[in-house]
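2 protein chains.
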Amino acid sequence: MPTLYGLGVGPGDPELITLKALKILKEVPVIVAPKSRQEGESLALEIVVRVLGPAVADKETVELHFPMTRDPARLAGAWREAAGTVAGHLRRGRDVAFVTLGDPTFYSTYFLLLEELIRLVPEARMVTVPAVTSVSACAARLNLPLVQGDESLAVVSGARDPEALRRVIEDFDCTVVLKVGRHLPRLMETLKDLGLEERAVLATRCGLPGERLGSPAGPGEADYLSLLVVKK
Amino acid sequence: MPTLYGLGVGPGDPELITLKALKILKEVPVIVAPKSRQEGESLALEIVVRVLGPAVADKETVELHFPMTRDPARLAGAWREAAGTVAGHLRRGRDVAFVTLGDPTFYSTYFLLLEELIRLVPEARMVTVPAVTSVSACAARLNLPLVQGDESLAVVSGARDPEALRRVIEDFDCTVVLKVGRHLPRLMETLKDLGLEERAVLATRCGLPGERLGSPAGPGEADYLSLLVVKK
Numbered sequence: 001m002p003t004l005y006g007l008g009v010g011p012g013d014p015e016l017i018t019l020k021a022l023k024i025l026k027e028v029p030v031i032v033a034p035k036s037r038q039e040g041e042s043l044a045l046e047i048v049v050r051v052l053g054p055a056v057a058d059k060e061t062v063e064l065h066f067p068m069t070r071d072p073a074r075l076a077g078a079w080r081e082a083a084g085t086v087a088g089h090l091r092r093g094r095d096v097a098f099v100t101l102g103d104p105t106f107y108s109t110y111f112l113l114l115e116e117l118i119r120l121v122p123e124a125r126m127v128t129v130p131a132v133t134s135v136s137a138c139a140a141r142l143n144l145p146l147v148q149g150d151e152s153l154a155v156v157s158g159a160r161d162p163e164a165l166r167r168v169i170e171d172f173d174c175t176v177v178l179k180v181g182r183h184l185p186r187l188m189e190t191l192k193d194l195g196l197e198e199r200a201v202l203a204t205r206c207g208l209p210g211e212r213l214g215s216p217a218g219p220g221e222a223d224y225l226s227l228l229v230v231k232k
Numbered sequence: 001m002p003t004l005y006g007l008g009v010g011p012g013d014p015e016l017i018t019l020k021a022l023k024i025l026k027e028v029p030v031i032v033a034p035k036s037r038q039e040g041e042s043l044a045l046e047i048v049v050r051v052l053g054p055a056v057a058d059k060e061t062v063e064l065h066f067p068m069t070r071d072p073a074r075l076a077g078a079w080r081e082a083a084g085t086v087a088g089h090l091r092r093g094r095d096v097a098f099v100t101l102g103d104p105t106f107y108s109t110y111f112l113l114l115e116e117l118i119r120l121v122p123e124a125r126m127v128t129v130p131a132v133t134s135v136s137a138c139a140a141r142l143n144l145p146l147v148q149g150d151e152s153l154a155v156v157s158g159a160r161d162p163e164a165l166r167r168v169i170e171d172f173d174c175t176v177v178l179k180v181g182r183h184l185p186r187l188m189e190t191l192k193d194l195g196l197e198e199r200a201v202l203a204t205r206c207g208l209p210g211e212r213l214g215s216p217a218g219p220g221e222a223d224y225l226s227l228l229v230v231k232k
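Listed in order, the protein sequences are those of chains A and B. Reminder that position 219 of the first sequence reads as 219 in this note's numbering, one-by-one numbering, no gaps. Reminder that position 126 of the second sequence reads as 126 in this note's numbering, one-by-one numbering, no gaps.
Wrong hints could be hidden among the right ones.
For chains that are exact copies, the list does not tell them apart, and a pair is met inside one copy or across any two.
In silico BS3-like links for lysine-lysine, alpha-carbon gap of 25 Å or less [unchecked claim]:
1. K192 with K232
2. K231 with K23
3. K59 with K35
4. K26 with K232
5. K231 with K192
6. K179 with K26
7. K179 with K232
8. K179 with K59
9. K192 with K26
10. K59 with K231
11. K192 with K23
Simulated from the structure, these hints should not be mistaken for lab results.
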């Protein structure tokens with residue numbers, strides 16, 4: 001029975017891949033990676049190339065192109081096409097690893113593919129391989145305990161509305177804001193209001209070349225891979 | 001300069017350790033693991049033994065014993081003693097890996113040790129090595145996306161009071177309750193009130209021998225390593 005692996009390669013440092021993910025990458029004949037203008041998505045394949053070395057030449061690597069759009073119809077069409085490509089491999093009995101930066105259960109597009117494939121190739125085995133998240137990697141770089149004892153952690157998107165975000169930061173011991181990007185000035189205002197500016201750390205490209213860690217200095221500093229940690 | 005590594009071995013499956021953690025375990029002369037009646041803590045050393053194989057015999061392994069108490073004075077005393085032992089190794093120029101089950105930034109005792117050692121051996125380098133959390137591992141086993149798109153995730157302890165927990169579950173797309181244990185009946189009542197019983201999955205010993213995944217059937221099912229996932 002062919003297997004589709006939803007395989008996390010970790011947050012960026014190739015050494016933060018798991019033994020299990022590396023073993024599966026060595027075994028599967030087909031490696032599929034999404035590719036779009038969002039940088040995170042092509043980084044996954046770069047990590048695969050680095051950990052496999054020359055052995056990657058023996059694999060069929062498939063890059064799936066997705067439009068950078070929020071138009072559901074265009075996106076759904078792109079996903080159906082991608083799922084069709086992957087289904088073709090599975091039906092020919094070939095195991096496929098769909099690779100994602102970070103952890104596949106954590107803000108990955110993998111589950112869009114999975115849902116489609118459960119319909120297309122119901123006989124395939126679907127195995128999700130967990131990985132280190134960017135949140136853990138960033139906290140580790142800062143030697144910062146996200147949560148201890150009975151503390152609580154919230155993870156939210158930068159797109160969250162300011163009033164809701166304010167309540168979250170008030171209620172939780174630690175709040176991590178992902179996908180900061182253009183929302184940074186608004187987030188900083190909320191933190192200033194709460195008197196928590198000094199407790200916030202902005203991490204951009206954590207564990208990747210060009211890493212920046214420190215106080216969120218102002219607008220223009222954050223990108224799609226930036227995250228903000230507020231530990232009280 | 002000697003280095004203290006706060007090293008996560010992942011959620012339980014030895015294959016879910018990272019390449020980086022394995023490399024460091026092979027290099028360091030001293031491996032320190034906390035040991036108490038809480039099972040999670042001795043599991044970390046078991047995983048080390050499994051991934052290192054016979055090479056573990058060349059290491060000095062130190063088990064630190066902590067009393068199972070909430071008495072701050074007794075705990076602080078135990079931590080000071082443990083830190084003294086680790087400091088002794090670092091002062092003799094020997095690198096030390098303090099191993100934790102799961103990720104060290106995520107509900108680990110490692111940072112209690114770190115704080116003490118920064119005082120005792122300020123010249124030592126402190127490096128935290130992130131790992132796969134039990135939360136990611138459990139979601140992966142269930143093929144469940146914790147969060148997608150702009151969704152939000154809350155992680156709370158089972159000790160959280162019912163009213164606060166209720167608000168969290170209402171406000172977040174996904175809530176994970178850790179350290180469920182004896183709090184399960186109370187948690188189930190809250191879920192029943194919210195009509196979310198069917199959306200909850202209880203995971204006990206996820207990825208470990210004796211794993212149980214499924215609907216939270218009733219009292220007595222959960223232990224210290226159980227977690228409850230509520231995805232709306």
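So, going through the hints one by one against the coordinates:
1. Proximity of K192 and K232 under a CA criterion of 25 Å is satisfied intra-copy only: 14 Å inside one chain copy versus 32 Å between copies.
2. In this homomeric assembly, K231 and K23 never come within 25 Å of each other (Cα to Cα): the closest approach is 36 Å inside a single copy and 31 Å across copies.
3. In this homomeric assembly, K59 and K35 come within 25 Å of each other (Cα to Cα) only inside a single copy, at 18 Å, whereas the closest approach across copies is 44 Å.
4. With identical chains, the CA atoms of K26 and K232 are never at most 25 Å apart, being 43 Å at best within one copy and 36 Å at best between copies.
5. Taking the shortest Cα distances, K231 and K192 sit within 25 Å of each other inside one copy (14 Å), while across copies they are farther apart (32 Å).
6. Within a single copy, K179 and K26 get their C-alpha atoms no closer than 32 Å, and across copies no closer than 36 Å, so neither meets the 25 Å cut-off.
7. For the homomeric pair K179 and K232, the shortest alpha-carbon distances inside one copy (21 Å) and between copies (22 Å) are both at most 25 Å.
8. In this assembly of identical chains, K179 and K59 lie within 25 Å of each other by CA distance neither inside one copy nor across copies; the values are 32 Å within and 42 Å between.
9. When the C-alpha separation of K192 and K26 is checked against a cutoff of 25 Å, the pair qualifies neither within a copy, at 49 Å, nor between copies, at 46 Å.
10. For the identical chains of this complex, K59 and K231 are neighbours neither inside a copy (43 Å) nor across copies (36 Å), given an alpha-carbon limit of 25 Å.
11. Proximity of K192 to K23 under the C-alpha cut-off of 25 Å is found in neither arrangement, the shortest distances being 47 Å within a copy and 42 Å between copies.
Of the hints listed earlier, those the structure fails to meet are numbers 2, 4, 6, 8, 9, 10 and 11, in rising order.
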